[in-house]
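Asks: What follows is each chain in one-letter form.
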Amino acid sequence: MNGILKLAYKLLVNDKAKFTALLLGITFAVFLMMFITSMFIGVLNHASATVINIGASMWVMDPAVQTVANSVGMPDYVLDAVRSMQGVKYAVPLYSGGALVKLADGTYQSVTVVGLDDTSLFGRPELVEGKIEDIYAENGFLVVQDAEFSKLENPHIGSELELNDHRAVIVGIAKVASSGLYGSPTLYTTYERAVQYIPNPRYTISYVLVEPKSASDIPRIKQQVEALGYRARTKEEFMQKTADFFIYQTGGGTNILIMTVISFIVGLSISGQTFYTFILENLERFGALKAIGTKSRDLVGMILFQATFTAFTGYGLGVGLCVLLIWLARLRLPSYAAMVTYTNLALGFGMVAVIAGISSYVGIRRVLKIEPFDIFRG
Amino acid sequence: MPQVAIQAKGLEKWFGEGEAKTIALRDVELETYFGEMVYIVGPSGSGKTTLLSVLSGILKPNAGNVLVEGTDIWKLGADDLADFRLNKIGFVFQDFHLFPRLTTAENAAIPLILKKKDWDESIHEAINYLEIVGLKGRSELPPVKLSGGEQQRVAIARAMVSKPDILIMDEPTASLDGDTGNAILSFVHKNVLNANRCIVVVTHDNRIYEFASRILHMEDGRLTGTEKGAA
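Sequences listed follow chains A and B, in order.
Mapping to our numbering: the first sequence position 222 is 222, numbers consecutive.
Mapping to our numbering: the second sequence position 29 is 29, numbers consecutive.
I should point out that these hints are in silico values taken from the structure, not numbers from a laboratory.
The model shown is predicted, which means the values in this text are computed figures rather than measured ones.
Just so you know, even glycine gets a beta-carbon here, dropped at the ideal spot from N, CA and C.
Hints are supplied without guarantee of correctness; some may be wrong.
Simulated restraints, written as ranges between beta carbons of each label pair [as the list claims (entries may be wrong)]: (1) B:Asn87 / A:Lys6: 20 to 30 Å; (2) A:Lys6 / B:Asp72: 28 to 38 Å; (3) A:Gly357 / B:Trp14: 35 to 45 Å.
Bound conformation, chain A alone (with noise of 0.2 Å):
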């Protein structure tokens, strides 16, 4: 290390009590900003799990929809006029609504029916027990093995269910890569079984799921859908559309925007002024210097270095805090919400490295103001 930086480095952090304090501050408004981005995130995840889990490329859907779970029937020429666009080398229908189970003991669990296009099966789940072929067998259901799961009893293959006054065979127990968001079991089954066993209104295919010939021509089947009346929207459009829903449509936007403003406040309240404090104490050893013959930018490169060093050791921690907390949710809850995503761990070194540019340009402000002359003078 530089022998400049690291007598910056050895008077910050010598001075234990404001080092300490400093690193608290900065720690303690990474952890708040990053945990409650996380959650949200890990909220927006979780409303998409539908589109994550069936994986498929392209989703046609009413204009309408909002969020992949208030799905608009659409009749069933949209799915073949999308099979004929130019461009789509597949498209199947997908169902996706709820039902009510009534288990043993007579009460009611809503659940989550997910059907499957009966040829392909397309957007099948990965299964832990059973084969993906009994689905075709008499009332066959999969189960997702989630955090739902208990909610149905901890069904096991063989397991009968009364969905909507119908039997239900469980046939297989499945897991998929993100957990829903409302809190209630998924079953897998057939598109026609689940159109049979569950009320529709006129219209029964929930959304259109397409793969395309080829990335340049998604834009072609956009408007040849949008043409049709309808919406055609990539797998990362459709979690993005949902995640605005939730953002702005919800409230849920403005209270994140509100916390992170918060934990910004507080962070840079407490380092910021820790930091002035610091620099306050030792500025007539800083004149000190400037007078033995530091040259300002030196001054201001030890200012920086402390300042950029604290912030970002406070942002490690503050990540680190974060993590733990999820990491130890998780034992207890497998499929709580919260994430840390490289967008979150953005804002919080957006956060840090705004809160070190305003603490050190103080710093940089009253060092450089300072005259060695005073020094002498006392």
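Put chain B on the given structure of chain A with help from the hints.
Replies: Chain B only, in chain A's frame:
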């Protein structure tokens, strides 16, 4: 004939403007030489500290020149002036201005570190100078664990470590009791002053006059007289 260390010509310095104008230096002319310990004495507010600051490249005069070994220091740019102070001048401040969170060795090594010398070498050299000033075995202690006299010795070690040609001491005994102040100046006179070094001391402590080669009297911003010191 001893070589001139500092030559000041027609120094003028004032603060403020108009009615608030305070004249600190009035047409000051002086020469100091290598091998001598020059005291600048005078009552409070006479301009001693201002003169010291102007001579050491810290405070720019409104008029006049300061030549150190032939270089007009006030014609240097900001960076060159900082380099000049770092390389040519050692400072001993009235309140020591030691960093309380650094060890005495690290404090003493600061000028070498600022010169971008290797950290370990700087500390090693600083320890040597701490031994010279009589602080052997105290290098790992923080300054707060030292007495006032010992802290002043650390400040002297810090001023000497870069082997400056000129040592500037501002009220070096102000924070010390009489015996300690005397001992410090005696030490400086015996061990720091040599034929290649000039020491300029600002003081109003007449108990240490015995170590002066020359004593310059200041009053009201003017040098009013010179007397030969006892040393």
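Asks: If a hint holds in the structure, say so; if it does not, say that too.
Replies: Checked hints:
{"no.": "1", "hint": "B:Asn87 / A:Lys6: 20 to 30 Å", "verdict": "holds, 21 Å"}
{"no.": "2", "hint": "A:Lys6 / B:Asp72: 28 to 38 Å", "verdict": "holds, 35 Å"}
{"no.": "3", "hint": "A:Gly357 / B:Trp14: 35 to 45 Å", "verdict": "holds, 39 Å"}
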